[in-house]
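S.K.: Here is how the chains run, residue by residue.
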Amino acid sequence: MSEIKTVTLTIDGRQVTVPAGTSVLEASKVIGAEVPHFCYHPGLPVDGNCRMCIVEIDGARRPPVSCATSCADGMVVRTDTAAVKAIRASVMEFLLVNHPIDCPICDKAGECMLQDYYMQHDRKRSELRDEKVHKPRLVKFSDRIVFNGERCILCTRCVRFTENVTRTHELGIVNRGDRALVEVAGGGSLHNRYQDNVADICPVGALTKTDFRFKKRVWFLKHTDSICPGCSRGCNVVLDHDKNEVVRVMPRFRAEVNGHWMCDEGRDIHKRIGVDRLLAPRVKLPGREGGATPEEALEAVAEVLGEARKTPDRLAAIASSWGTNEEAFLFAKLFGETLRTPHMDVKSDSDEGYPEDDVLHTADHNPNRAGVVAQGVVPNDKKGGLGLAGILDACRRGDIQCLVVWGPGLSGHLPGGESELALVLSKVARVVYLGWKDDPVARLAHVALPTPAWAEKDGSYTNCDGIKSTSVRALDPPPGVRGEIEVLADLQARLKGRSYGRTFRELAAKTGAPLPPRRPAPALRQPSLYRHASGVARP
Amino acid sequence: MNPLLNPKLPEPAYKEEFTAGRLFTYRNPSDLTLWERLYVPEVLRGLSITGSIFFKNMGLWLVWLGYWARGRANEAPRGAVTVYYPEEERPDMTKVNRGKHILTQRLNGEPQCVACYMCATACPAWCIHIDAGEHPDPAIEKYPVRFDIEIDKCIFCGYCEEACPVDAIRLTTDYHTVDYLRERMVYDRDYLLSWNPTKVQQEHVYPGGEPRRG
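Chains as they are written, first to last, in my numbering: chain D, 953 to 1491; chain A, 1377 to 1590.
Calculated directly from the structure, the hints in this document are not laboratory data. For glycine and all other residues, C-beta sits at the position ideal for the given N, C-alpha and C. Heads up, a few of these hints could be off.
As the list claims (entries may be wrong) - If you anchor each label on the Cβ, the simulated ranges turn out as follows:
id, chain 1, residue 1, chain 2, residue 2, range
1, A, THR1480, D, GLN1072, 49 to 55 Å
2, A, ALA1501, D, ARG1454, 36 to 42 Å
3, A, TYR1535, D, GLU1241, 55 to 61 Å
4, A, THR1480, D, ASP1082, 26 to 32 Å
5, D, THR1455, A, THR1480, 33 to 39 Å
6, A, ALA1501, D, ARG1446, 34 to 40 Å
7, D, ASP1082, A, ALA1501, 41 to 47 Å
8, D, ASP1082, A, PHE1532, 30 to 36 Å
9, A, GLU1559, D, ASP1082, 51 to 57 Å
10, D, VAL1085, A, ASP1550, 40 to 46 Å
11, A, ARG1522, D, LEU1090, 39 to 45 Å
To be verified - Which residues of chain D face chain A? A few of them, derived with a C-beta cut under 8 Å, are:
id, residue
12, ILE1053
13, LEU1090
14, LYS1092
15, TRP1171
16, LYS1174
17, TRP1213
18, GLY1342
When you get a sec, could you build the whole thing from the sequences and use the hints?
M.R.: Following this line, the structure appears as structure tokens:
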């Protein structure tokens, strides 16, 4: 492997060494000298049309744009001279000539680059005496995206996104001068699966998401690092939530997983949290019928498993592919080590969603199949352990006495669906269900325990490429619902197994989960007009 | 310096302090006279002051009863300075008193409000709750579907009024916010929009009907 060539330059009097080919804008980020920019985005090709990132370079004939200038050895760059500040102020003035300044009704307000840069670099009244140019507003680019031409500053980020990331080429700039507009080619609509990203990268409020439109002002949102469980890519996301409700899902930059982007299906993933939830435990054991407290239900599970322990060959455990690595670790230890069953396998919890494509989406609609398998939830071949199909066949024959199902979606593995599931489970003496969805198995099981959804618990996930990402609990689970880690650790204790820890942080050392960076505690209320309200680094 | 921590400093005989524009004098027990330290005579003196005011008021009240019996209660001499709220109200209430909120209206009676949440953001009591909706008129675009003010939480600071970019919320001088039910103390959008100056002069309008009396 050849060594990467580096160059050394001086920015604001400080020496910086960066790989050759790095732009001056990126290099100045290294020393923390923020160069304002609108059209530059690290995930898109450089365009250099907004002229906001102009810096002074010694020896250059005129101040160049820093996004399109590569660093060179011995370069001397100045980002905060009076001349540069004057240029920024006049660029801002021109951008705001026809801007409607309708921040009160604009969803971007609070995380708008134009707003922030106005406060930082302009701060003066408009000198325009004529009427502003009016352009089409409320243009529906698709069911998901609404366009407001008056707010647009024509940075072409969205155009470059459809050209280079999705390569669908729907958007383009039509007309010139103050009549220029972003339009969908051929008068159609946006039809790619990643279109919500154009609203994210829009530096102003020209492109807004129908889903988030008027829902919440951004400064009310709390931000929690999470992952998207929609497919095995496991895109790193930020859940923006308020009042125990996720309002939107935004991509979080992770170069090796999802880069800057995520798909539209992932944007809607939070809508699954409240649907078909199993909220209270159900116990249908003889002598224990009727409503049960979580404690009684856990006792019932321990009793069932204690009984099944006598014949480990007739006990089978099916794990969820939506479970975290830590839960899978405890699951494997509980059933493989403490109860010594050879029959363990992982199933698909979900098969809804987009088919595979060549941008991000994978064919597997479960986030952590690889991780659950890696933690040891596999049939024990030495003892003739059965896989998922084998376990279901054994159930059908009546060879399994106790079946533990973790997570929904078992009926999807049977050609006959729910009716066949009822038939198969009727041959099993004891069925235990553990999951967050009110699944057919939950209705047929002898004991069903509710668990939190992924946004309601901490855990790490291993994606299709074997990269681990950690998801932090954003919401409170429904009252009385305890996490799988706690439930499995409790069962382990009741069945006199080894103790491996009861919290995510204890188990993370065993599964190698990357510990999430501790975010500073959010201010009580953050109506910040001067800083980026979301508190996350902006590309 | 705290005199208790530094015994070298002489202990002041009394302390004078301006509070709310008035001079208050605090005396130490040590400089009370012997007569004052006897306690009982001073207590009796205090009782005689309050007692004399009481009997004076009672006498005046009997006089008032006589006037009232003849239907001339307004002309009677008044004893205590108490205002008999809610039958009576102070006539000298300031014109800039901050009271109940109203939402201003467009010419067609729709709210002027554009649901920007500035008031809800500025509110230190977090008593303003807004849900925004898409207005059928694209020129207006955003408007409040729900606009609730929990008047029992409101501290009448007036920040909402100040934060509003479109002069949609104002505080009136009307301070009649009392009620017997918390549910009725949440003013909804329609109530806030129903403000009508002539109506307010005639009667107090309560959301959800007139409050139950005593």
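S.K.: Next, verify each hint and record whether it holds.
M.R.: For each hint, the structure was consulted:
1. A/THR1480 <-> D/GLN1072: 49 to 55 Å: violated, 34 Å
2. A/ALA1501 <-> D/ARG1454: 36 to 42 Å: With Cβ atoms ~40 Å apart, the hint holds.
3. A/TYR1535 <-> D/GLU1241: 55 to 61 Å: holds, 57 Å
4. A/THR1480 <-> D/ASP1082: 26 to 32 Å: holds, 30 Å
5. D/THR1455 <-> A/THR1480: 33 to 39 Å: violated, 54 Å
6. A/ALA1501 <-> D/ARG1446: 34 to 40 Å: violated, 48 Å
7. D/ASP1082 <-> A/ALA1501: 41 to 47 Å: holds, 44 Å
8. D/ASP1082 <-> A/PHE1532: 30 to 36 Å: violated, 43 Å
9. A/GLU1559 <-> D/ASP1082: 51 to 57 Å: With a Cβ separation near 53 Å, A/GLU1559 and D/ASP1082 satisfy 51 to 57 Å, so the hint holds.
10. D/VAL1085 <-> A/ASP1550: 40 to 46 Å: For D/VAL1085 and A/ASP1550 the Cβ distance comes to about 45 Å; the hint holds.
11. A/ARG1522 <-> D/LEU1090: 39 to 45 Å: With a Cβ separation near 22 Å, A/ARG1522 and D/LEU1090 fall outside 39 to 45 Å, so the hint is violated.
12. ILE1053: Given a least distance of 10 Å, the restraint on D/ILE1053 is violated.
13. LEU1090: At about 5 Å, which falls below the 8 Å cut-off, the nearest Cβ of chain A leaves the hint on D/LEU1090 intact, so it holds.
14. LYS1092: violated, 12 Å
15. TRP1171: Holds: closest Cβ of chain A sits about 7 Å from D/TRP1171, inside 8 Å.
16. LYS1174: Violated - the Cβ of D/LYS1174 stays beyond 8 Å from chain A, reaching only about 15 Å at its closest.
17. TRP1213: violated, 28 Å
18. GLY1342: violated, 53 Å
Hint check: violations occur at hints 1, 5, 6, 8, 11, 12, 14, 16, 17, 18; the rest are consistent with the structure.
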